[in-house]
Amino acid sequence: MANDRELILKRVKDALDPLPERAALPDYAGDLAVMRKITAGRDLLELFSERIKLVNGSVITSKEQLRDRLIEGKWMHGYCDPALWPALAATLGTGFTVETEFDRTRIDDYSFAITRAAGAVAETGTIILSDASTTYRLAALTPWVHIAVVSKSEILSDLSIAVAALGKDPNVIWCTGSSSTADVEGILIRGVHGPGVQIALVID
Amino acid sequence: MAHQLIDTFATRLRPETKAAVYDGSKKGHEKRTKLLFDNYAKPDDLRKLAGKIKQHVIENLDTYLPATEERLKENGINVHWASTAEAACNHVLEIMRARGAKRVVKAKTMVSEEIELEAFLNKHDIECLETDLGEFIVQLDHDKPSHIVKPIIHKSRREIAELFEKNGLGAYDDEPQVITRRAREFLRKKYLEGDVAITGANFVIAESGRIVLVTNEGNSRFCLAATSCHIAIVGIEKILPRDRDLALLLNLLGRSGTAQELTVYTEFISGAKASTQPDGPQAMHVIFVDNGRTDVLASDCKEILRCIRCGACLNVCPVYRQASGHAYRSVYPGPVGAVLSPLLLGKNFPQKADLPKASSLCGACNEVCPVDIPIPDLLLRLRAKAKQEGVPSPGTPPMGGWAVMASQPAAWKAALVAGKLINFMPTKLLPVPPLRAWEKTRDLPEWRGGAFRSWLKKHNS
Chain E
1 MANDRELILK
11 RVKDALDPLP
21 ERAALPDYAG
31 DLAVMRKITA
41 GRDLLELFSE
51 RIKLVNGSVI
61 TSKEQLRDRL
71 IEGKWMHGYC
81 DPALWPALAA
91 TLGTGFTVET
101 EFDRTRIDDY
111 SFAITRAAGA
121 VAETGTIILS
131 DASTTYRLAA
141 LTPWVHIAVV
151 SKSEILSDLS
161 IAVAALGKDP
171 NVIWCTGSSS
181 TADVEGILIR
191 GVHGPGVQIA
201 LVID
Chain F
205 MAHQLIDTFA
215 TRLRPETKAA
225 VYDGSKKGHE
235 KRTKLLFDNY
245 AKPDDLRKLA
255 GKIKQHVIEN
265 LDTYLPATEE
275 RLKENGINVH
285 WASTAEAACN
295 HVLEIMRARG
305 AKRVVKAKTM
315 VSEEIELEAF
325 LNKHDIECLE
335 TDLGEFIVQL
345 DHDKPSHIVK
355 PIIHKSRREI
365 AELFEKNGLG
375 AYDDEPQVIT
385 RRAREFLRKK
395 YLEGDVAITG
405 ANFVIAESGR
415 IVLVTNEGNS
425 RFCLAATSCH
435 IAIVGIEKIL
445 PRDRDLALLL
455 NLLGRSGTAQ
465 ELTVYTEFIS
475 GAKASTQPDG
485 PQAMHVIFVD
495 NGRTDVLASD
505 CKEILRCIRC
515 GACLNVCPVY
525 RQASGHAYRS
535 VYPGPVGAVL
545 SPLLLGKNFP
555 QKADLPKASS
565 LCGACNEVCP
575 VDIPIPDLLL
585 RLRAKAKQEG
595 VPSPGTPPMG
605 GWAVMASQPA
615 AWKAALVAGK
625 LINFMPTKLL
635 PVPPLRAWEK
645 TRDLPEWRGG
655 AFRSWLKKHN
665 S
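Residue numbers (my numbering), protein chains in the order written: chain E, 1 to 204; chain F, 205 to 665.
Here chain E stands alone, though its shape is the one from the complex:
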C-alpha cells in the first residue's frame, strides 16, 4: 500500500509512453453549453422564477407571501438564520415557533428553515448554497420546506457563469428543485432525504 502511488504512476507512464502523440486539450468557448434560446435577452429574476417552477420550486418576493405560504402548508415550527430573523420577526412573530439555533438532535421538530443563499442561476432555476452563506448544512436540508434568501443582484444568468463564480468556499452546492427520486418504477417522488418544498425568497 505504501508504494502504491509510485506503482500506479509507473503503470500509467508505461501505458502512455508508447503513444506516438497525445490528444490535445480542445479549445472552446466556455459558454458553449448555455441554452441561448432560453436565456437570451431575458430579465434574470423573471427567467429564474419561470425556470425554478419547472423543477417544482417557487419564487416569492415578500415577507407576507412567505408567511401566507407557511400558514397555508401548516408549517409553523422552523429555524431561521439569526442574521435574517430581525427583518422577519415582525411578520413571522405570532403563531409561529422559530428558533435561531438548529438542534441536530431534534431535526424532525423543524418543518421549515430559512437560510441565506450565496446566489442563484436563472437558466436552470438553481439556488446556490455555500458553507459561508449557510448557517447549518443540516438546517438547509432536513426540514420539509427550505426557504433560501437570495438578493436580486446575486442571480447569475447561466451555469457557465456560476462555475466561474465557485470561488474558494470548501463546499458549494447547487440545489435545482427539491430532493427527488424516480427509483420506484420510474415514478417521480419529491422529498426523499432533503426538502420536498424549495422556495427562493428574492430580496432587493
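Source of the hints: derived by calculation from the structure; they are not laboratory data.
Incorrect hints may have been included.
Claimed, not checked - Simulated restraints, written as ranges between beta carbons of each label pair:
(1) E:A29 with F:L648: 47 to 57 Å
(2) F:L565 with E:L19: 40 to 50 Å
(3) E:K63 with F:D345: 23 to 33 Å
(4) F:L584 with E:I187: 37 to 47 Å
(5) F:L565 with E:P20: 27 to 37 Å
(6) F:D227 with E:R104: 40 to 50 Å
(7) F:E389 with E:L54: 50 to 60 Å
(8) F:K238 with E:L19: 33 to 43 Å
(9) E:K63 with F:N326: 49 to 59 Å
(10) F:E290 with E:I187: 31 to 41 Å
(11) E:K168 with F:T212: 47 to 57 Å
(12) F:T212 with E:G30: 42 to 52 Å
(13) F:K348 with E:I187: 18 to 28 Å
(14) F:V595 with E:S58: 53 to 63 Å
What the hints assert, rightly or not - Facing chain F, a subset of chain E residues (Cβ under 10 Å, in silico):
(15) E6
(16) V12
(17) K13
(18) A24
(19) I38
(20) G41
(21) R42
(22) E123
(23) S130
(24) L159
(25) V163
(26) C175
(27) S179
(28) T181
Even for Gly, the Cβ is constructed at its ideal location relative to N, Cα and C.
Based on these hints, arrange chain F on the given structure of chain E.
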C-alpha cells in the same frame, strides 16, 4: 443452438422484470433525446467535444494525476493511492480505525461496489449503510444494482413493499410515495448516527482540487452534513482539467443520465467544512483507485475510460433492454460494462470474454454517449482479443468449413450453385438441432446465391 450466457439469462427472466427493464430504459432514452434536441441546435457537437476533453485527460494522466494530487493536498485533503481493491478497502479501514469509527453512510459510489467494500467492512465489524433509495432497497434485499443510475429498475413496487414489511419498515403498502417516506424516516436517523461518509466522485478537477458529486435525492449532501469525516473513493480516470469544463460535462451528464437539464443536487467539495460551519466533515480523504484501470489504459480500448457513468448506453441498447443488467454478471452492465468489465479483470479477462459478443453492433450506444465512446469498435477489438488469446466461445458455430470455402474461388462458386438445392428442401423438418432452433422463430429466405455475380458480369461488359 448453444446460447451465449447472456441469452440464457434473458430467456429465464420473469416477464414482469423484462417489461420493467424494457419500459424503464426506453422511456429514459426517449426523454433524453427530446431534451437534448430541444435545448441545443447541435447536441452532437457537445458530445464530441466532451469526448475530446476526456480523451486528452486519459492520454495525459501521467501529468494530471500528480497535479491533481498537489491541488487536493493544498486544499487540506489527505490523498491515498490504491493499486488494488484490497488496498482501497484497507485504506478505508485504517482511516476508520484511526478515528475509532464504526458506522459508515455511503452515497454515490460504484467503485465501492467494484472493490466489494461493504462485505470487507462488515467482516471488520463496521456497519456500512447505503443511502440512495434504490441502493438501500438493493442492500435490504441482498440483491445487486442492475443499472448504473436506476439500481432497482428490475424491481416492482409490490416486491419493495413486501421487502419493507419483512424488514420492519411498516405494514404492506406499495404506494411509491409511502415507500419513499418510510425510507426517509428510517435513513435520517442513520445519517446522524454515522461516523464516516463514503462517496465516489463524478468529477475531480485538476486545476482547483475540487470534487464534484451529483445526486437527485440529496443523500450525498446528508452524508456530508451529518458525519465528521469524508472519504471519497475515486477511479484514477475521473479527472477533468478545469472548472470551466464542468459547465459542459454537467449539462451532458444530467441530460444523458436522467433526462434532466441539471441533477437536483450538484455539490462542489474542496476540502473539509469551513471553520465557521457547524455541520460536516472535519477531515477529508481521497483514495485514488487503479484496480485494473492502468491495464485498460495500456490496452487498445482506453477510450472506455472516458465514461462518466450516465447509463444512456444501457437505456438505448436492444440487448440490455431484453436481458437486464444482472445478465452482465458485473458491477458495470450494458454496453459500457461489456467493454469495461472484462478489461478490469486483467488476466482473468476470459471469465467475461463473452460479454463483448452480446451485441448486434447496432451503434446506438455510441450515438448517445455523452463522451462519444466508440463502443462498437471497442467490442470488436475485444472479440479479436478473445480469439487471439484462444478463449473458448460457446454459442459460436464452428467456422472451419466456411473458411476453406471462402478462401477458394472454385469451391465458392460451386457452393453458390449447389446452394439452390436448399430452395427445394423442407428445411423446417431437417433433423439438425441448431437449424431447427434457429428456424423456430425465423424463416429462411430464398437462396439467391450467384445473383449478384451474374448481374455484375452483365453490367461490366
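Comparing the hints with the structure gives:
no., hint, in the structure
1, E:A29 with F:L648: 47 to 57 Å, "holds (56 Å)"
2, F:L565 with E:L19: 40 to 50 Å, "violated (27 Å)"
3, E:K63 with F:D345: 23 to 33 Å, "violated (48 Å)"
4, F:L584 with E:I187: 37 to 47 Å, "holds (39 Å)"
5, F:L565 with E:P20: 27 to 37 Å, "holds (28 Å)"
6, F:D227 with E:R104: 40 to 50 Å, "holds (41 Å)"
7, F:E389 with E:L54: 50 to 60 Å, "violated (29 Å)"
8, F:K238 with E:L19: 33 to 43 Å, "holds (39 Å)"
9, E:K63 with F:N326: 49 to 59 Å, "holds (51 Å)"
10, F:E290 with E:I187: 31 to 41 Å, "holds (40 Å)"
11, E:K168 with F:T212: 47 to 57 Å, "holds (55 Å)"
12, F:T212 with E:G30: 42 to 52 Å, "holds (50 Å)"
13, F:K348 with E:I187: 18 to 28 Å, "holds (22 Å)"
14, F:V595 with E:S58: 53 to 63 Å, "holds (58 Å)"
15, E6, "holds (9 Å)"
16, V12, "holds (5 Å)"
17, K13, "holds (5 Å)"
18, A24, "holds (6 Å)"
19, I38, "holds (8 Å)"
20, G41, "violated (17 Å)"
21, R42, "violated (15 Å)"
22, E123, "holds (8 Å)"
23, S130, "holds (8 Å)"
24, L159, "holds (5 Å)"
25, V163, "holds (5 Å)"
26, C175, "holds (6 Å)"
27, S179, "holds (4 Å)"
28, T181, "holds (5 Å)"
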